[in-house]
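Protein chains in written order, with the numbering used here: chain Z, 46 to 421; chain W, 46 to 421.
Simulated from the structure, these hints should not be mistaken for lab results.
Certain hints may be false.
No distinction is drawn between identical chains; accordingly, a pair holds when it is met within one copy or between any pair of copies.
[Claimed, not checked] No more than 25 Å apart at the CA atoms, straight line, and that leaves these computed lysine to aspartate or glutamate pairs for DMTMM-like:
| # | residue 1 | residue 2 |
| --- | --- | --- |
| 1 | Lys317 | Glu199 |
| 2 | Lys367 | Asp410 |
| 3 | Lys367 | Asp291 |
| 4 | Lys367 | Asp77 |
| 5 | Lys317 | Asp77 |
| 6 | Lys216 | Glu363 |
| 7 | Lys367 | Asp96 |
| 8 | Lys367 | Glu289 |
The chain contents come next:
Protein chains: 2
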Amino acid sequence: MSARTRHKSKKMSDQSPDPAQLSCPVPDENRDSVQMAHGGGGRMMKSLIEDLFLPEFNANSSNSAPPHDSAIISTDAIPAGAGRLAFTTDTFVVSPLTFPGGDIGSLAVYGTVNDLAMAGAKPLALSAAFVLEEGLSMDTLRRVVASMRRAAEEVGVSIVTGDTKVVDRGKGDGIFINTAGVGLVPPGVAISPARVEPGDAVIVSGDLGRHGITIMSVREGLGFESDLRSDCGSLVGLVSALLEADHDVHCLRDLTRGGLASALCEIAMDAKVGIRLRETSIPVSAPVASACELLGLDPLYVANEGRLVAFVPAQAAEQTLKTFHDYFSAFGPSDSRPAIIGTVVDEHPGTVELRNALGGGRIVDLLSGEQMPRIC
Amino acid sequence: MSARTRHKSKKMSDQSPDPAQLSCPVPDENRDSVQMAHGGGGRMMKSLIEDLFLPEFNANSSNSAPPHDSAIISTDAIPAGAGRLAFTTDTFVVSPLTFPGGDIGSLAVYGTVNDLAMAGAKPLALSAAFVLEEGLSMDTLRRVVASMRRAAEEVGVSIVTGDTKVVDRGKGDGIFINTAGVGLVPPGVAISPARVEPGDAVIVSGDLGRHGITIMSVREGLGFESDLRSDCGSLVGLVSALLEADHDVHCLRDLTRGGLASALCEIAMDAKVGIRLRETSIPVSAPVASACELLGLDPLYVANEGRLVAFVPAQAAEQTLKTFHDYFSAFGPSDSRPAIIGTVVDEHPGTVELRNALGGGRIVDLLSGEQMPRIC
Numbered sequence: 046m047s048a049r050t051r052h053k054s055k056k057m058s059d060q061s062p063d064p065a066q067l068s069c070p071v072p073d074e075n076r077d078s079v080q081m082a083h084g085g086g087g088r089m090m091k092s093l094i095e096d097l098f099l100p101e102f103n104a105n106s107s108n109s110a111p112p113h114d115s116a117i118i119s120t121d122a123i124p125a126g127a128g129r130l131a132f133t134t135d136t137f138v139v140s141p142l143t144f145p146g147g148d149i150g151s152l153a154v155y156g157t158v159n160d161l162a163m164a165g166a167k168p169l170a171l172s173a174a175f176v177l178e179e180g181l182s183m184d185t186l187r188r189v190v191a192s193m194r195r196a197a198e199e200v201g202v203s204i205v206t207g208d209t210k211v212v213d214r215g216k217g218d219g220i221f222i223n224t225a226g227v228g229l230v231p232p233g234v235a236i237s238p239a240r241v242e243p244g245d246a247v248i249v250s251g252d253l254g255r256h257g258i259t260i261m262s263v264r265e266g267l268g269f270e271s272d273l274r275s276d277c278g279s280l281v282g283l284v285s286a287l288l289e290a291d292h293d294v295h296c297l298r299d300l301t302r303g304g305l306a307s308a309l310c311e312i313a314m315d316a317k318v319g320i321r322l323r324e325t326s327i328p329v330s331a332p333v334a335s336a337c338e339l340l341g342l343d344p345l346y347v348a349n350e351g352r353l354v355a356f357v358p359a360q361a362a363e364q365t366l367k368t369f370h371d372y373f374s375a376f377g378p379s380d381s382r383p384a385i386i387g388t389v390v391d392e393h394p395g396t397v398e399l400r401n402a403l404g405g406g407r408i409v410d411l412l413s414g415e416q417m418p419r420i421c
Numbered sequence: 046m047s048a049r050t051r052h053k054s055k056k057m058s059d060q061s062p063d064p065a066q067l068s069c070p071v072p073d074e075n076r077d078s079v080q081m082a083h084g085g086g087g088r089m090m091k092s093l094i095e096d097l098f099l100p101e102f103n104a105n106s107s108n109s110a111p112p113h114d115s116a117i118i119s120t121d122a123i124p125a126g127a128g129r130l131a132f133t134t135d136t137f138v139v140s141p142l143t144f145p146g147g148d149i150g151s152l153a154v155y156g157t158v159n160d161l162a163m164a165g166a167k168p169l170a171l172s173a174a175f176v177l178e179e180g181l182s183m184d185t186l187r188r189v190v191a192s193m194r195r196a197a198e199e200v201g202v203s204i205v206t207g208d209t210k211v212v213d214r215g216k217g218d219g220i221f222i223n224t225a226g227v228g229l230v231p232p233g234v235a236i237s238p239a240r241v242e243p244g245d246a247v248i249v250s251g252d253l254g255r256h257g258i259t260i261m262s263v264r265e266g267l268g269f270e271s272d273l274r275s276d277c278g279s280l281v282g283l284v285s286a287l288l289e290a291d292h293d294v295h296c297l298r299d300l301t302r303g304g305l306a307s308a309l310c311e312i313a314m315d316a317k318v319g320i321r322l323r324e325t326s327i328p329v330s331a332p333v334a335s336a337c338e339l340l341g342l343d344p345l346y347v348a349n350e351g352r353l354v355a356f357v358p359a360q361a362a363e364q365t366l367k368t369f370h371d372y373f374s375a376f377g378p379s380d381s382r383p384a385i386i387g388t389v390v391d392e393h394p395g396t397v398e399l400r401n402a403l404g405g406g407r408i409v410d411l412l413s414g415e416q417m418p419r420i421c
């Protein structure tokens with residue numbers, strides 16, 4: 046296994062096909078137009094962000110920390126003792142608008158509060174901005190807005206500002222929703238990829254792939270959804286419980302586009318550490334596993350919308366797992382299956398390795414593009 | 046002239062056709078689907094917001110203040126002496142993406158910092174979230190992103206967090222950009238429609254209608270744009286100058302969708318005051334005036350993207366005008382034509398009246414829909 050650095054992984058010459066994509070055409074990153082794969086959470090999106098957006102937007106920013114789910118706003122207007130402001134944004138273009146376990150409205154609220162929670166921030170306020178397609182049914186809009194309200198109520202956050210634009214029929218797709226969120230990171234909380242270090246335990250909060258497989262099933266009419274619901278939900282309460290339990294959490298990441306694999310690859314690259322996973326410990330429910338097998342998908346890459354991965358010191362691993370179990374027993378969902386799935390190592394920095402039951406290993410890499418478009 | 050209250054203006058039975066719209070079909074607010082007019086900044090948008098969004102989103106909000114360009118985040122985490130947090134969001138769907146005087150990128154930065162400035166807030170940070178249509182040229186994206194960076198540099202604000210989604214060809218329109226902004230309202234600054242009171246002078250920062258007519262001209266290939274550029278620009282410096290000059294500004298509003306007329310109608314309704322305008326004082330440049338005449342448009346309703354209206358106590362009116370002139374002499378644009386255009390009165394609360402040179406008057410009402418779709 047050759048060690049790969051963050052720098053190398055961006056080079057054009059480094060385009061060995063992903064095993065999981067062998068049956069798909071490999072998109073050419075050199076092409077001069079935007080591809081669906083640029084939105085897929087994989088290598089092409091990473092490259093778009095690092096090569097096009099960050100050089101412009103970091104030019105006048107003092108922020109040189111690794112990219113994280115939320116940005117910390119540097120301001121001397123707020124006294125250090127009051128905490129730090131976290132700020133995040135996400136646009137939701139999921140298709141279809143409604144699916145078992147949620148809809149674009151609840152997804153838009155949970156997605157953004159989860160990004161705040163990943164920085165250890167308590168949500169203070171959300172914005173909601175709509176792009177509506179001419180002809181959209183008012184009933185659909187009403188249902189989505191009511192769903193946003195219920196999700197915001199559950200989390201205990203207010204949607205305080207908004208915007209509505211309408212685009213011509215055929216220039217949008219029903220509803221797109223942007224939610225931005227402002228949160229407060231309590232004094233003393235420091236959760237960031239930069240704190241991940243060899244020896245840390247890698248823990249997931251539940252089984253993988255429900256959201257992606259649910260969307261895929263509804264979209265393609267596959268009929269799996271009788272057994273499946275999206276895991277779409279808030280991680281705010283779970284993170285509060287983690288912080289209260291004081292396990293010295295080093296890093297949190299929610300597992301959205303690109304799934305567990307992409308989240309871990311990014312953290313391994315940003316923190317310049319290796320990550321070793323035990324395949325047999327990774328929780329995947331039976332319906333997701335069989336759907337993945339049927340569709341030729343790898344559940345490690347399938348999107349989730351209510352799962353996180355936590356990095357904690359080895360000695361806190363069992364206690365953290367207990368905190369997860371206790372939280373789900375008290376507040377649900379009761380069928381979450383949190384698990385310790387691996388360890389951070391100082392070998393092969395920037396790389397994630399998956400060890401199977403027999404001790405064999407394979408590299409878990411960023412996909413070039415995506416397995417499924419418009420999953421969130 | 047019959048006085049109209051805010052409540053009445055929302056009733057279905059109160060649909061007298063707008064004079065400015067006599068030649069267009071009047072959209073039916075009862076229809077059960079989203080119309081282009083719901084995004085136009087007029088009565089249909091107001092009704093969508095008040096009847097559909099606010100009842101849901103205010104349900105769990107402590108915010109009962111009249112809607113404003115930015116929301117103030119209530120939190121006891123920040124000591125009162127540090128100021129108050131302002132938060133705003135705006136999605137930009139302007140078509141075409143580029144126009145004389147700007148593009149969707151600069152518009153997205155200026156639009157959101159202007160909304161912060163209207164609350165008297167200094168911008169702390171922006172987010173940028175993109176919905177890209179598959180097939181969009183990378184060169185176009187690069188130019189738009191560079192334009193955002195230049196605009197942010199000019200304003201002195203950083204774009205600290207972002208998101209990128211890609212939608213299938215034919216489900217978007219090139220680029221949509223959401224920018225959300227967080228700002229800090231300095232202690233002691235209180236700028237809000239609630240402070241507008243009879244006797245206040247009404248002052249615009251420059252001539253009206255450039256942005257709307259420029260977009261219309263480019264879109265329809267009318268060829269006016271040799272004489273015209275959008276007024277798209279930042280109002281942050283101008284508002285700083287106003288606050289430093291300490292004129293006791295009661296309210297500020299930037300004149301975007303729906304133009305001056307819609308901004309004033311909303312403020313009259315929210316503050317429960319009348320507004321009387323002097324038609325001959327309202328600045329409109331010759332090219333905008335002739336384009337409006339040709340197209341049958343009323344410049345009072347045409348969009349601007351770098352103009353504001355200020356409400357100040359009568360005794361501060363001339364000094365405020367001087368502050369505007371001094372600011373434009375020092376920092377440009379040198380062809381801005383600020384003007385005192387009217388007065389707040391205690392007659393006909395909720396209504397804006399336009400007096401012509403002969404002393405005759407007409408009511409300036411919210412349009413049902415819009416004069417021009419996708420202007421911002």
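Tested hints:
In this assembly of identical chains, Lys317 and Glu199 lie within 25 Å of each other by CA distance neither inside one copy nor across copies; the values are 37 Å within and 35 Å between. For a Cα distance limit of 25 Å, the shortest separation of Lys367 from Asp410 qualifies neither inside one copy, at 30 Å, nor across copies, at 62 Å. For the homomeric pair Lys367 and Asp291, the shortest alpha-carbon distance inside one copy (13 Å) is at most 25 Å, but the shortest distance between copies (58 Å) is not. When the C-alpha separation of Lys367 and Asp77 is checked against a cutoff of 25 Å, the pair qualifies neither within a copy, at 50 Å, nor between copies, at 50 Å.
For the homomeric pair Lys317 and Asp77, neither the shortest alpha-carbon distance inside one copy (31 Å) nor that between copies (54 Å) is at most 25 Å. With identical chains, the CA atoms of Lys216 and Glu363 are never at most 25 Å apart, being 51 Å at best within one copy and 47 Å at best between copies. Proximity of Lys367 to Asp96 under the C-alpha cut-off of 25 Å is found in neither arrangement, the shortest distances being 41 Å within a copy and 46 Å between copies. In the homo-oligomer, the alpha carbons of Lys367 and Glu289 lie at most 25 Å apart inside one protomer (13 Å), although the nearest pairing across protomers, at 56 Å, exceeds that limit.
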